[in-house]
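Participant: Read off the chains here:
Protein chains: 2
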Amino acid sequence: MNEFDLIEHYFLSNTENRRRTGSVTDVGNGDDCTVLSHLAGRLAISTDTVVHGRHVPASAPAGWLASRGLGSSVSDLVAMGAKPLGFTLALTLPKVSSGWLKGFSEALFRAADLYGIALLGGDVTRGPLTASYTVFGELPKTGRLLTRASAQLGDKVWVSGTLGAAAGALPLFDQPLRSADRSYRARLQLLQAYVYPAPPVELGVRLQADSRVHAAIDISDGLLADLAHIAKASQLDLNLNASAIPVAPALSELYSRPHALMHAMSGGDDYQVGFTADPTWSIDDRMVSQIGEVMAGTGQVFIDHTPADRWLERLATTLPGGMSLATGYQHFG
Amino acid sequence: MNEFDLIEHYFLSNTENRRRTGSVTDVGNGDDCTVLSHLAGRLAISTDTVVHGRHVPASAPAGWLASRGLGSSVSDLVAMGAKPLGFTLALTLPKVSSGWLKGFSEALFRAADLYGIALLGGDVTRGPLTASYTVFGELPKTGRLLTRASAQLGDKVWVSGTLGAAAGALPLFDQPLRSADRSYRARLQLLQAYVYPAPPVELGVRLQADSRVHAAIDISDGLLADLAHIAKASQLDLNLNASAIPVAPALSELYSRPHALMHAMSGGDDYQVGFTADPTWSIDDRMVSQIGEVMAGTGQVFIDHTPADRWLERLATTLPGGMSLATGYQHFG
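Chains A and B are the protein sequences, given in the same order. Be aware that the first sequence starts at 1, since it is given in the UniProt record's numbering, and climbs by one per residue. Be aware that the second sequence starts at 1, since it is given in the UniProt record's numbering, and climbs by one per residue.
Do not take every clue at face value.
[Stated by the list, open to error] Here are the simulated DSS-like pairs of lysine-lysine, each with C-alpha atoms no more than 27 Å apart in a straight line: (1) Lys141(B) to Lys141(A); (2) Lys232(B) to Lys156(B); (3) Lys95(A) to Lys156(B); (4) Lys156(A) to Lys232(A).
I should point out that these hints are in silico values taken from the structure, not numbers from a laboratory. All values reported here derive from a predicted model rather than from experimental measurement.
From just these sequences and the hints, can you work out the full model?
Facilitator: What follows is the structure, given as structure tokens:
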């Protein structure tokens, strides 16, 4: 097979993807444009790039660029409560290898299956290894949108999932993972959290539909860093209860309490949603935790009524030396 | 200014862009997603990546990555007859420099102005220099679409613009350009054609609206290579009249007739539209040329009734040695 045939084989022949593409488009892959049809409302759009050697380790297998890239993009749809429809992929490759394309495309379609979305089109070019995803999600035609600017005084602060696992996985990449090791299961769970983000798609749609939920944000740059965006955009303070933060169990097993809490508060790559809701709101979902409240203020985040930065500094003094104090992932760090 | 502020300054502060974004979105830049609203019909989507050092020379100024990237993406919308609405940008940068960002963003918004479209959102990450554009265009809610598969027997073949200029510019990058040179104007025109693609947006919308126009394609991979897609997808032959091909005048001034014709037939980066229309169709636009006809066949392209490949080989024998016989731009060439 030549290079064009390889690309076509790995990206265009997936039967389930063709079916899904057909259900949301009039023209799918293979013409100048994809034509999305049946658009009944508004369309949420988000773009994310994964750079090999930066957002995934240089030694990462092909699939990581797919599962992490698509997961992080879908996470933005979830935070706006949009129902994921599909995505386009701009893939830049230094060379075409069938082994690499097989690993990448299998992981891509596995992730697409998880979200029930279709690869709608894209561009494959030669160059340094990067993958940019643009995802599309449906929103109702009218009604309020779940932005980061709409928190209300008296709201409770909530977060989905458990936190810190992906950040806790970072030091594990260089370590051998043997099933005989005592901490094997916990370490595997952290690595899986890093490699396979699973943003809570159904929860997002449910939050969007409930007018008592006011503001929401994707917390993948770190819980504190992202909740600070809600605080700033809404011009209100957020106070979090440290003891209520849902630290990932595997993280607690492998790290000391302060270290685990640090990862849960400031580690990146938790593709979960942080949101605020009326105090009368509740949910029958043990994967959603109430972690604080919205108070009058100027747009700051507090932990146990201490400014978040100062609280983190204090926590850091209890850690072994050299621990970073970063309060969120810096794209240009 | 820190890096975040620089990015915000150069991409989010443009007043005209904010106005345009506001007119097509409920939520623009700065939240987890952009929310496109007022969607009355179908949405055409296309993605293109520009890799620095590959799609533009390594010595190219920042603006080339903007003008060429956005132009090539909009060209795909034009070929489907969609009315351009906006785009997202995934920009990967090795470092943040205000000079580079200034040059890039100015060229980006100049190109966006040309098409009347808004930068709706994006992602800036650190890594090797590449820019991926995903463009959005509006199409009527119902009715036929202008695909490459719908040519009809007896149609005439048409092409917009003049051809070959961008391909003719490639050898000029390494040569000094002095206004005192005899061929200064012609060389400048070729370079401008390469740097500033200008896909015919209004023509695209007009072709889409006219049911006598049947099939269309963006010819930026080369006239012959792209018309071959129409032939193959429509399962009909296309015969072109060599003497009718609209060779760019500046190209004719700088190159021999066979060399200029070779560029016009097989050179890439002409962001124009090739299309077929009922023989009764005509247009009052001297920038649109009738160049051939659709005949019964198996999906081949002919020039003056000779198979295109053989015709090109014959033309090549009249050229100085070493001339490439490529019949279209190969992304993985």
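Participant: Each of the hints needs a verdict: does it hold here or not?
Facilitator: Hint check results:
Only pairs whose Cα atoms come within 27 Å are accepted, and lysine 141(B) paired with lysine 141(A) is accepted, the gap being roughly 16 Å. For the suggested pair lysine 232(B) and lysine 156(B), the alpha carbons sit about 16 Å apart, so the restraint of at most 27 Å is met. Our distance criterion of 27 Å between C-alpha atoms is broken by lysine 95(A) and lysine 156(B), whose separation comes to about 40 Å. Taking the CA atoms of lysine 156(A) and lysine 232(A), the gap is about 16 Å. The hint holds against a cut of 27 Å.
In this structure, the one hint that does not hold is number 3.
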